[in-house]
Amino acid sequence: MSVLSVRDLGIEYQTTGGGVPAVRGVDLEVDRGEVLGLAGESGCGKSTIAGAILRLLPVKTRITGRIELDGNDILELTPGKLRAVRWTAGSIVFQGAMHAMNPVQRIGEQIMEPILVHGQSGEREARIRAGTLLEQVGLPTRRLDDYPHELSGGQKQRIMIAMALACSPSLIVADEPTTALDVMVQAQVLQLLRTLQHDLGLALLFITHDLSVLVEVADRLAIMYAGKIVEQGGAEAVFHSPAHPYTKALAAAFPAIGDMRFRGRPSGLGGDPPDPQQIPSGCPFHPRCAEVTPACSSVTPELWTAGPARLAACVHVSGAPALEGVSR
Amino acid sequence: MSDPQPEPDVAELGVPVVEVERLEVNFKGRVGFFAGLLGRKGSDAKAVDGVSITLHEGEVLALAGESGCGKTTTARAIMGLLIPDAGTIRYRGEPLARSRRGLRGYRRQVQMVFQDPTAALNPRQTIYEIVAEGLRIHGVPGGPDAKTEDELVARALSRAGLRPPERFYLLYPHELSGGQRQRVVIAGALVVDPSVIVADEPVSNLDASVRGEILALLMKLREEFRISILIVTHDLGLAWTVADRVAVMYLGRVVEVGPAEEVLQRPKHPYTKALLNVVPEAGGTERPILQGEPPDPTRIPKGCRFHPRCPVVASGRAERIGILNRCVGEDLALEELAPGHDVACYLTGLGEEP
Ligand SMILES: Nc1ncnc2c1ncn2[C@@H]1O[C@H](COP(=O)(O)OP(=O)(O)O)[C@@H](O)[C@H]1O
Ligand SMILES: Nc1ncnc2c1ncn2[C@@H]1O[C@H](COP(=O)(O)OP(=O)(O)O)[C@@H](O)[C@H]1O
Ligand code: SF4
Ligand code: SF4
Ligand SMILES: [Mg+2]
Ligand SMILES: [Mg+2]
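Just so you know, the sequences run in chain order A and B.
Residue 149 in our numbering sits at position 149 of the first sequence; the count goes up by one each step and never skips.
Residue 341 in our numbering sits at position 341 of the second sequence; the count goes up by one each step and never skips.
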């Protein structure tokens, strides 16, 4: 059963410089016990989707489509209902969240807060629960009495994970949860997230620009470009045999050690991701694409079948309609 | 006498350009604001504690390790941006001067590229002014094929891949993408025709997709102008794509150094192996991850400084093979394992793998 179901999601920020269409028709599905990885360059709309799922975007933002989280129609909820859904149905761990901690409040009190507000439990039980949560994220219970400055970056991120788990949500959205951490600490936090997700049967939407991290944690991958999903499928398959030229370029940024094709030859994508207010016509990737065809600036690819359990929005994939001058 | 030992392949390495020998840098004890309120005193941090590395002409040397192990401090000492507490740094055989004036010529030869291009660029200067700054400090080189400032700025921008250069002259940093900004930083380094570039995590702040292009640019500079590059990185996958040699640092020391193929594919130090274990890999079979926080340079353990976290010690193997006492009690230096491949670990003396 799907915990999160996103249908034809469109999100447009309203600014003095006009509307910013950051998300342009996205479908996503995350099942119980499943990890969906969402990857793409910065600015492609990943955090905007995360924000929409828990309705954390600026009030003026225009959101269309449908988001269903744990049976709740998120876009239709009243403010009161919405508050209940945050933390209990879904919670979010984001990059730099550790800087969002209250510096003068003890760790324990910060973890207890959502439990007291949403968990319908008393002070005593909440404290016990907070202690259990700390142990779950690999920290000793005595840390409850610490202040944030007494913790390292990795420990703070563990606390943020404990807080996200506090009200036993069905979905956790992790938005670049390890990006600012040191390599070794990053690996530790990833390992923790994976273990928790597995043991608790959580649905996890894991967002990052670092595709290599996702191959390790995700079951399925969705690759995003300019506000749209451009490829989707099993994590290993997408990473190892990408169908979309954009995914190919992203995957090439993470060569395996020992792969002689990349020895002395770093490879990357030229150009820059488009400004959401000036999205190129046709396939939005065409100005940077290594496999561009004459049709690409006029045809807008949809997520066509690109193999078993694989979709890709590119004119070259097997499920694309026949087009003049395009080989598949 | 038996057969002569095969000569180490020094010819391939080129002449030494920068030689760092037994470098030490200490930072006076500092305390955080809160700890200060509680009356705690900080102890001195031995950020760099005996680092020796050599950068050869036209080579790319990667300096790798966890955060806090002293990579940036080593890089800053090489740049002459801080005065070492001990050790020497030589440039083409000459020890670095300690005065500002004495360092001037050197500072032109050795240019730095920092991690965060946004912080490195003055937001109120145009790209032209930013790139021309090096020339204004070091002077426009004269000589028979002398060029004007304008020509040199254009050449540097275009070598850094910002073409046509004139299009960028009057732009401000905020009008460029992250990748373009890092190219501007590189152009600012190139404009004075350096022979060495020290790049401290030059792509960590960039999107993974554009990292390759910046790295490819650095490789091109090495090829075309024989610029020697010291690249500081925590990412061994990156080292695989660009580096000829890799030096792995742990807590202020180099613990393994050698050809990239060797160090990255057949690591001989348990710490190198642990760092390789955290390079994400598809279908990653569960590889043991080193636990604990990055180590603290104010409290350097006795013996091998890695011993409190070393899996060989933790698993009991060090004891079984009889090196435990030395691991926990005797400090050790790098030893040559094979020509050009040095390791600081008691395992190698026994011919054991990490
Ligand atoms: N509050 C906002 N107002 C206007 N535009 C925004 C706002 N937040 C994000 N954007 C724009 O929306 C696009 C998507 O941003 P974001 O979702 O943060 O991307 P990602 O998380 O993939 O890096 C970007 O172009 C960004 O500049
Ligand atoms: N200016 C400074 N004052 C005090 N301590 C410093 C200073 N710069 C670095 N350190 C300390 O020295 C150690 C090495 O730091 P650094 O060279 O930046 O490591 P790396 O670049 O490998 O992350 C760290 O413990 C750091 O906290
Ligand atoms: S549709 Fe055309 S431009 Fe778009 S990814 Fe495919 S080949 Fe490239
Ligand atoms: S010397 Fe001993 S403690 Fe140090 S790395 Fe080798 S085995 Fe581990
Ligand atoms: Mg984001
Ligand atoms: Mg550093």
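The hints are simulated quantities; they were obtained by calculation from the structure and are not laboratory data.
Every value quoted in this text rests on a predicted model; they were computed, and no experiment measured them.
From the three backbone atoms N, C-alpha and C, an ideal C-beta is built for every residue, glycine too.
Among the hints, erroneous ones may be present.
As the list claims (entries may be wrong) - Between beta-carbon pairs, the in silico distance windows are:
1) B:LEU171 / A:HIS99: 48 to 54 angstroms
2) A:ILE128 / B:LEU171: 56 to 62 angstroms
3) A:THR195 / B:ASP150: 57 to 63 angstroms
4) A:ARG7 / B:GLY29: 55 to 61 angstroms
5) A:THR195 / B:PHE27: 55 to 61 angstroms
6) A:GLY307 / B:ARG92: 35 to 41 angstroms
7) B:ARG124 / A:PRO103: 28 to 34 angstroms
To be verified - Some chain B residues close to chain A (C-beta under 8 angstroms, calculated; not the full set):
8) GLN265
9) PRO280
10) GLU293
Outcome of the hint check:
1. B:LEU171 / A:HIS99: 48 to 54 angstroms: Hint violated: Cβ distance 31 angstroms, outside 48 to 54 angstroms.
2. A:ILE128 / B:LEU171: 56 to 62 angstroms: Check passed, 58 angstroms falls within 56 to 62 angstroms.
3. A:THR195 / B:ASP150: 57 to 63 angstroms: holds, 59 angstroms
4. A:ARG7 / B:GLY29: 55 to 61 angstroms: Cβ of ARG7 of chain A to Cβ of GLY29 of chain B: about 58 angstroms, so the range 55 to 61 angstroms holds.
5. A:THR195 / B:PHE27: 55 to 61 angstroms: violated, 37 angstroms
6. A:GLY307 / B:ARG92: 35 to 41 angstroms: Since the Cβ atoms of GLY307 of chain A and ARG92 of chain B sit about 57 angstroms apart, the hinted range of 35 to 41 angstroms is violated.
7. B:ARG124 / A:PRO103: 28 to 34 angstroms: holds, 32 angstroms
8. GLN265: holds, 6 angstroms
9. PRO280: Status holds, d = 4 angstroms.
10. GLU293: holds, 5 angstroms
Figure legend: structure checked against the earlier numbered hints; hints not met, in rising order: 1, 5, 6.
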